[in-house]
Amino acid sequence: MELTGAEILVRCLKEEGVKHVFGYPGGAVLNIYDTLNAQEDVDHILVRHEQGATHAADGYARATGKPGVVLVTSGPGATNAVTGIATAFMDSIPMVIITGQVPTHAIGSDAFQEVDAIGITRPCVKHNFLVKDVSDLALTIKKAFHVATTGRPGPVVVDVPKDVTIARYPFEYPKKIEMRSYKPASKGHTGQIRKAMDMILEARKPMIYSGGGVVLDKSHEVFTEFCRLLGYPVTNTLMGLGAFPGSDPQFVGMLGMHGTYEANMGMHHCDVLIAIGARFDDRVTGNIEKFCPHARIVHIDIDPASIAKTVKVDVPIVGAVGPVLKQMNRMLRESERKPDEQALREWWKQMEEWRATDCLRYDRSSKRIKPQYVMEELYRITGGKAYVTSDVGQHQMWAAQFYKFDLPNRWINSGGLGTMGFGLPAALGVKLALPDEEVVCVTGEASIIMCIQELSTALQYGLPVKVINLNNGYMGMVRQWQEFFFQKRYSMSYMEALPDFVKLAESFGHVGMKIEKPGDVTGALEEAMAMKDRLVFMDFITDPEENVYPMIPAGAGQNEMILV
Amino acid sequence: MRHILSILLENESGALSRVAGLFSARGYNIESLTVAPTEDPSLSRMTLVTSGSDEVIEQIMKQVNKLIDVVKLVLLTESDHIERELMLVKTQARGEAREEVKRLADIFRARIIDVDEGTYTVEVTGTGQKLDAFLQAVGEVNVIEVVRTGLSGIGRGDNALRA
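Those sequence lines, one after another, are chains A and B. One point on numbering: in this note's numbering, the residue at position 391 of the first sequence is 391, and numbering is uninterrupted. One point on numbering: in this note's numbering, the residue at position 2 of the second sequence is 1002, and numbering is uninterrupted.
Honestly, the hints are just simulated from the structure, not real lab data. Among these hints, one or two may not hold up.
Straight-line C-alpha distance at most 20 Å; calculated DMTMM-like pairs for lysine to aspartate or glutamate [claimed, not checked]:
hint, chain 1, residue 1, chain 2, residue 2
1, A, K312, B, E1058
2, A, K142, B, D1069
3, A, K142, B, E1055
4, A, K143, B, E1010
5, B, K1062, A, D110
6, A, K132, B, E1055
7, A, K309, B, E1058
8, A, K183, B, E1012
9, A, K143, B, D1069
10, A, K309, B, D1054
11, A, K290, B, E1055
12, B, K1072, A, D303
13, A, K143, B, E1012
14, A, K312, B, D1054
15, A, K176, B, D1069
16, B, K1066, A, D303
17, A, K312, B, E1055
18, A, K132, B, D1069
19, B, K1066, A, E178
20, A, K183, B, E1010
21, A, K183, B, D1069
22, B, K1062, A, D303
23, B, K1062, A, D281
24, B, K1072, A, D314
25, A, K309, B, E1012
26, A, K142, B, E1012
Cβ-to-Cβ under 8 Å is the rule here; a few derived chain B residues that face chain A [stated by the list, open to error]:
hint, residue
27, S1017
28, A1020
29, E1058
30, V1070
31, R1162
32, A1163
To spell it out: a stretch of chain A is covered by chain B in this simulated footprint if at least three of its residues, at any positions, have a beta carbon under 8 Å from a beta carbon of chain B; those stretches are [unchecked claim]:
hint, region
33, 112–122
34, 169–182
35, 419–431
Using N, Cα and C, we set each Cβ at its ideal position, and we do this for glycine too.
Just chain A, same shape as in the assembly (with noise of 0.2 Å):
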């Protein structure tokens, strides 16, 4: 039977298990629309910004680990789209965005709503396509939940011209598919394993640094596993956390720009760096010349162009962190040989010594609000469980900070690109695919303004989410580094003419609360947690001038920090 492209493009989201579409309608995708109200299959989440369908969908996938999938319009659709697929991008996040677009004869020829979609998104997907006929559609649609979902993930776009929603053709959904050009690496080399194992063995003061990959990989037990079997102190980076307890001893916390001290110095000072599923950010390695000076590197990373990209490795291991970390633990379960334990010992007793200074210490006297201080009772009152999105930052540090996550997928940020109003639409996502878990989205009042009509979002599907506004009333960042950088010129930080936070929630159907004092931040966060089926907004006014701490001046080395 003979279906329309509109059919056949719901019946594949079907086919691969796709539950939730976040989109917004537009005169290119009225055909897929019709089609979507016509079934029950696949639910659209009807956003109020492109944008916002982008991090909804993010959110989502960072969550479950499943592709997210977002259907736009064409031309402004289409780009409004752009930052959230560049922030997927960025932290290699699975989605499928399906664009509309002019109909084919149209293209080229500046068609109302028309703009060159593929050719904007290309610098910022794994990969893209233009569906010209609508017997490539199926196969299409294929291969994009396919490079989507494999190897290194990413987010990939199908821009289909209205022509082709409405053409016929019979429905076929290939079962499975083979690309000559895209065949990514899962195991790693054995003999690569084997040269990373005798080092890794011959280490005195080695370092375990894991990333997002590890997470992506969902292999935080058997990582768990390999950190466990060697006692090593291990650190994670900003995408990396809950890969292993944050509250586990053996954690030294998060490395780079604000990471702790205790981790920072032992990246500086250690003999063996194990380098799993991360990608050297700058915000990691501050300046790349004074970086790790003392270490021989083992990198394990599926991407073969995340390693010598800017730090060069001593063994590199091309392959899926889980299957690579399966075969070590084996072999160190089985290995005679041990780690060393008395070069251990005292490496831990310098570790030790390093987390004495106690870094993320702040004033706990203060007649002000302090933004950790929320944090830490966030993270008590939640019992570590819940699912934090958050925007960019002074709160994303802080978060990234005081709340200890014990399991993968509960943080979920904007890493790679930063992306100012990612934290609410992510949440909404993230409470759509887990609606019986916490969400709570940890935001400033600079960041949430940027997508804030998401509230509306909320209201519409019944997603409670909590939000924690630090409200400073400023871009505390970039006040933080215009303090210590520019003199305290405070150029364009200060955030004025902010909403009456409270009003604004209401107003949008939501409950509003404004908490001032440091008495009352532990009350209002159980009172809002408790209401389990409202949305609350919860603007807590700051101390204005907090900074973070510690923290990697740009430029500086590891071991050159700014303590409190």
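Assemble the complex: chain A is given as a structure, and chain B must be docked to it using the hints.
Just chain B now, kept in the frame of chain A:
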């Protein structure tokens, strides 16, 4: 160091712009680039001349290989290979130049493929250096127009790049 990449990629619209876009986005340099379909019409063969340190070339190879449309690639300059480029030159052909350019064309084993009373059009094939040498020999004053195809290359012996 100058290097030549030979790339087999899917013969699809946009494949060329993916490679070119990658080079501009990552700040790699392209000295020349040629591309045309192969004996298998579903594949294009691209020859790209670039330069950079060993580390940069390694990154370029990895990044190009990562493009979904790229089926295979090889660094031609890593092993024995043959390079050729084709150039069409329009020259002055009046007075002394009429004989001189013809003589040079013979020496360089070039062919005069078009003639009128004041100009020659010469076809020269060879390595980039040979083409440069021809232009130098003809002299700036005599050269009216130059078209070069950019370099093509292939491995020596049974060294073949196939899908």
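Taking each numbered hint in turn, which are not upheld by the structure, reported in ascending numerical order?
-> 3, 5, 6, 24, 25, 28, 31 and 35
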